[in-house]
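There are 2 protein chains.
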Amino acid sequence: MKKNVVIIGAGNVATHLSIAIRNADYNIIQVYSRQIDNAVLLASLLGVEATDNLEEIDRSADIYLIAVSDSAIEKVVAQLPGLKGVVAHTSGSMDMDLLEKFDNYGVFYPFQTFTKEKQLRVSEVPLLLEAATEKAEKILLELARDISNKVQLSNARMRKALHISAVFACNFVNHMYALAGELLEKEGLSFTLLEPLIRETTQKALTMSVRDAQTGPARRKDRVVMNRHIETLNDKSFHREIYTLVSESIMKMYSE
Amino acid sequence: MKKNVVIIGAGNVATHLSIAIRNADYNIIQVYSRQIDNAVLLASLLGVEATDNLEEIDRSADIYLIAVSDSAIEKVVAQLPGLKGVVAHTSGSMDMDLLEKFDNYGVFYPFQTFTKEKQLRVSEVPLLLEAATEKAEKILLELARDISNKVQLSNARMRKALHISAVFACNFVNHMYALAGELLEKEGLSFTLLEPLIRETTQKALTMSVRDAQTGPARRKDRVVMNRHIETLNDKSFHREIYTLVSESIMKMYSE
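Which chain is which? The protein sequence lines are A and B, in order. For the first sequence, full-length UniProt numbering assigns the number 1 to the initial residue and increments by one for each residue that follows. For the second sequence, full-length UniProt numbering assigns the number 1 to the initial residue and increments by one for each residue that follows.
Read the hints as simulated data drawn from the structure, not as lab findings. Values in this document were obtained by computation on a predicted structure and should not be read as measured data. Treat each hint with caution, since some may be false.
No distinction is drawn between identical chains; accordingly, a pair holds when it is met within one copy or between any pair of copies.
No more than 27 Å apart at the CA atoms, straight line, and that leaves these computed lysine-lysine pairs for DSSO-like [claimed, not checked]: (1) K186 - K160; (2) K138 - K236; (3) K236 - K221; (4) K236 - K160.
When you get a sec, could you build the whole thing from the sequences and use the hints?
Structure, rendered in structure tokens:
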């Protein structure tokens, strides 16, 4: 028997997860979004019904996935009726107990960065699960294993550590690229010059210990070069402050 | 007529460049390193003579590449005899005029991160050149184009901007990975959980604008999540300070 799933949310996470769930032969029966245009867009992609009214949520589903922004979860939960199915949110940083008004609930956290326009293989995305009841654990584990090869049970503390580590390894990494790009742009140089360096840095991080992979003036504690760089950087932007602080952090890591 | 090349230095940059130069059918005739063991190691890889004495440098070569640490260049130059060939250093951050005692000199800056143990395709590495004379420019351009498809003339200012941008896009990126790994380790979680995220973050940076690729709490200006993360982070390490500063920088970039 195929399970019925309702998707609450129509953003990046909701889009990628719902496509993977549909492809794993689940019946997605409804998509909700606060903004009806977004709900309709995802719902039509999946060939299902759209709604922007939480009172209209189908009450017969087996699984409800709440993939909305962290700050919206509480409001969504307050507006949802009592539900028999398993209800899970997809947030790395929110507590499972936000959902305690339901009989069976849990967390279904995909550890990845999602962009709507960009396809990715959900099968390679680590899914971190937490469940309040045996029934919720059984059903969420089954769903998770049907769409990913990397399923792991985790508590709130582990999930939080993962989420913060993702901020460093993804959001902050991307910002370092953006800051690097700004420096090149000022000299009329193309961002594409960075591409081989970005590729190589990533390759190293994936194949050797990041501790051993570290290079650069801070790693060598070369204060002459660091000071010359810091002097060059415009103190009206954050480049200078970030250069100084991150270099201190690297030097500390290698003096321990 | 094959050109004769002397390699001064036996570190990461010297190793990768000299192999690429040898493979492009130049005659490498000598390797110098302050530490004879290092000189012998690289020289035997290339099948040539090793020395740790700058007075013994072969004076008949066409090209001398000084690939030593920034702080050692001046000392090496002072100890070198007058040379007829073209002398170039490989540093992104040092002035060309460090070499002004020679007749023909320049800079031969490979814009990449090098690790001895890890092979890489030098043909994909951008080479940034600067030359003091026409002869130096001609010979360095020829050498550069023989080993790389990405050769560009640049002045000291551009080279410096590139070097600092590499600190952000490579050294600091790697450190973000290391900091992320520390957070996971504390919770007994494996660094490998980060791999799909690292891959995807890189993929995005290489295929879309990094400005558009930015995600996360700072991008959304979600202070509730950011504050919760900051509270969690141990203030004895640099995690908390870096989290705060880089988040501020992201928020500023998207408020402009």
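Hints and how they fare:
no., hint, verdict
1, K186 - K160, "between (38 Å within a copy, 12 Å between copies)"
2, K138 - K236, "neither (54 Å within a copy, 40 Å between copies)"
3, K236 - K221, "both (26 Å within a copy, 21 Å between copies)"
4, K236 - K160, "between (33 Å within a copy, 19 Å between copies)"
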